[in-house]
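K.L.:
Sequence:
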Amino acid sequence: MSEVFEGYERQYCEVSASLSRKCTAASALDGEKKRQRLSEIQSGVEEAESLIRKMDLEARSLQPSVKAGLLAKLREYKSDLNNLKSELKRISAPNARQATREELLESGMADTLVASTDQRGRLMMTTERLNQSTDRIKESRRTMFETEELGVSILQDLHQQRQSLLHAHTTVDHLNIGIWHRILLFRF
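Going letter by letter, the sequence shown gives residues 0 to 187 in numbering that gives the first Met the number 0.
Since the hints were derived computationally from the structure, they do not count as laboratory data. Take the hints with a grain of salt, since some may be wrong.
Unchecked claim - Calculated cross-link-like contacts (lysine-lysine; reagent style DSSO-like; alpha-carbon spacing at most 30 angstroms): (1) Lys66 <-> Lys84; (2) Lys77 <-> Lys53; (3) Lys137 <-> Lys21; (4) Lys33 <-> Lys66; (5) Lys21 <-> Lys53; (6) Lys84 <-> Lys21; (7) Lys53 <-> Lys88; (8) Lys32 <-> Lys21; (9) Lys21 <-> Lys33; (10) Lys88 <-> Lys77; (11) Lys72 <-> Lys21; (12) Lys88 <-> Lys137; (13) Lys84 <-> Lys137; (14) Lys72 <-> Lys88; (15) Lys88 <-> Lys21; (16) Lys32 <-> Lys88; (17) Lys77 <-> Lys66; (18) Lys32 <-> Lys84; (19) Lys72 <-> Lys84; (20) Lys77 <-> Lys137; (21) Lys88 <-> Lys33; (22) Lys32 <-> Lys66; (23) Lys53 <-> Lys66; (24) Lys53 <-> Lys72.
As the list claims (entries may be wrong) - Pair ranges (Cβ atoms, derived): (25) Leu154 <-> Arg181: 36 to 42 angstroms; (26) His173 <-> Phe144: 41 to 47 angstroms; (27) Ser17 <-> Glu75: 17 to 23 angstroms; (28) Leu183 <-> Ser152: 44 to 50 angstroms; (29) Glu75 <-> Gln131: 26 to 32 angstroms.
Note that beta-carbon positions come from the ideal geometry of N, C-alpha and C, so glycine has one too.
Start from the sequences, fold in the hints, and give me the full structure.
P.N.:
Put into structure tokens, the structure is as follows:
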């Protein structure tokens, strides 16, 4: 199992347990204290959602043999979080009837939200892969331009060396002609 997933899982379990305790305590409160506690619970729910998204991304990046078990755990955690959200709505609703109505409306949408979360996770993974590919292409282009500049520099050096060799060859030819000319003059 992934250590990263386990870390997120531990954090989620701590947050979930804390949220359960806070929900129980909030149901006995009223007024400003209850509003403050509900605000804390809402922040905790958002943190739990974030941890679930992170666990989902981590689980999907692992090998299929490990991934299946982690995704099953993740479904349990999502169900647990949905229960906590329902409890939060029940506690924060002005009356029990309103809470029951909202719970019924949301139960039909839970499957849609899970599917939407899965799609969002896949989309985020695809976007990440696309960004990584783009970065690799940029790095390859940079390397290609550096190689091209190096090649141009080498060709310029070779051209200068060729010119130097041609100049030396011409100078040697002139010297040889001068030497042969003197030798011939000396003999005759």
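K.L.:
For every hint, state whether the structure bears it out.
P.N.:
A quick look at each hint next to the structure:
{"no.": "1", "hint": "Lys66 <-> Lys84", "result": "holds, 26 angstroms"}
{"no.": "2", "hint": "Lys77 <-> Lys53", "result": "holds, 12 angstroms"}
{"no.": "3", "hint": "Lys137 <-> Lys21", "result": "violated, 50 angstroms"}
{"no.": "4", "hint": "Lys33 <-> Lys66", "result": "violated, 40 angstroms"}
{"no.": "5", "hint": "Lys21 <-> Lys53", "result": "holds, 24 angstroms"}
{"no.": "6", "hint": "Lys84 <-> Lys21", "result": "holds, 12 angstroms"}
{"no.": "7", "hint": "Lys53 <-> Lys88", "result": "holds, 25 angstroms"}
{"no.": "8", "hint": "Lys32 <-> Lys21", "result": "holds, 12 angstroms"}
{"no.": "9", "hint": "Lys21 <-> Lys33", "result": "holds, 10 angstroms"}
{"no.": "10", "hint": "Lys88 <-> Lys77", "result": "holds, 16 angstroms"}
{"no.": "11", "hint": "Lys72 <-> Lys21", "result": "holds, 24 angstroms"}
{"no.": "12", "hint": "Lys88 <-> Lys137", "result": "violated, 49 angstroms"}
{"no.": "13", "hint": "Lys84 <-> Lys137", "result": "violated, 44 angstroms"}
{"no.": "14", "hint": "Lys72 <-> Lys88", "result": "holds, 25 angstroms"}
{"no.": "15", "hint": "Lys88 <-> Lys21", "result": "holds, 13 angstroms"}
{"no.": "16", "hint": "Lys32 <-> Lys88", "result": "holds, 16 angstroms"}
{"no.": "17", "hint": "Lys77 <-> Lys66", "result": "holds, 16 angstroms"}
{"no.": "18", "hint": "Lys32 <-> Lys84", "result": "holds, 19 angstroms"}
{"no.": "19", "hint": "Lys72 <-> Lys84", "result": "holds, 18 angstroms"}
{"no.": "20", "hint": "Lys77 <-> Lys137", "result": "violated, 39 angstroms"}
{"no.": "21", "hint": "Lys88 <-> Lys33", "result": "holds, 13 angstroms"}
{"no.": "22", "hint": "Lys32 <-> Lys66", "result": "violated, 42 angstroms"}
{"no.": "23", "hint": "Lys53 <-> Lys66", "result": "holds, 14 angstroms"}
{"no.": "24", "hint": "Lys53 <-> Lys72", "result": "holds, 13 angstroms"}
{"no.": "25", "hint": "Leu154 <-> Arg181: 36 to 42 angstroms", "result": "holds, 41 angstroms"}
{"no.": "26", "hint": "His173 <-> Phe144: 41 to 47 angstroms", "result": "holds, 44 angstroms"}
{"no.": "27", "hint": "Ser17 <-> Glu75: 17 to 23 angstroms", "result": "holds, 18 angstroms"}
{"no.": "28", "hint": "Leu183 <-> Ser152: 44 to 50 angstroms", "result": "holds, 47 angstroms"}
{"no.": "29", "hint": "Glu75 <-> Gln131: 26 to 32 angstroms", "result": "holds, 31 angstroms"}
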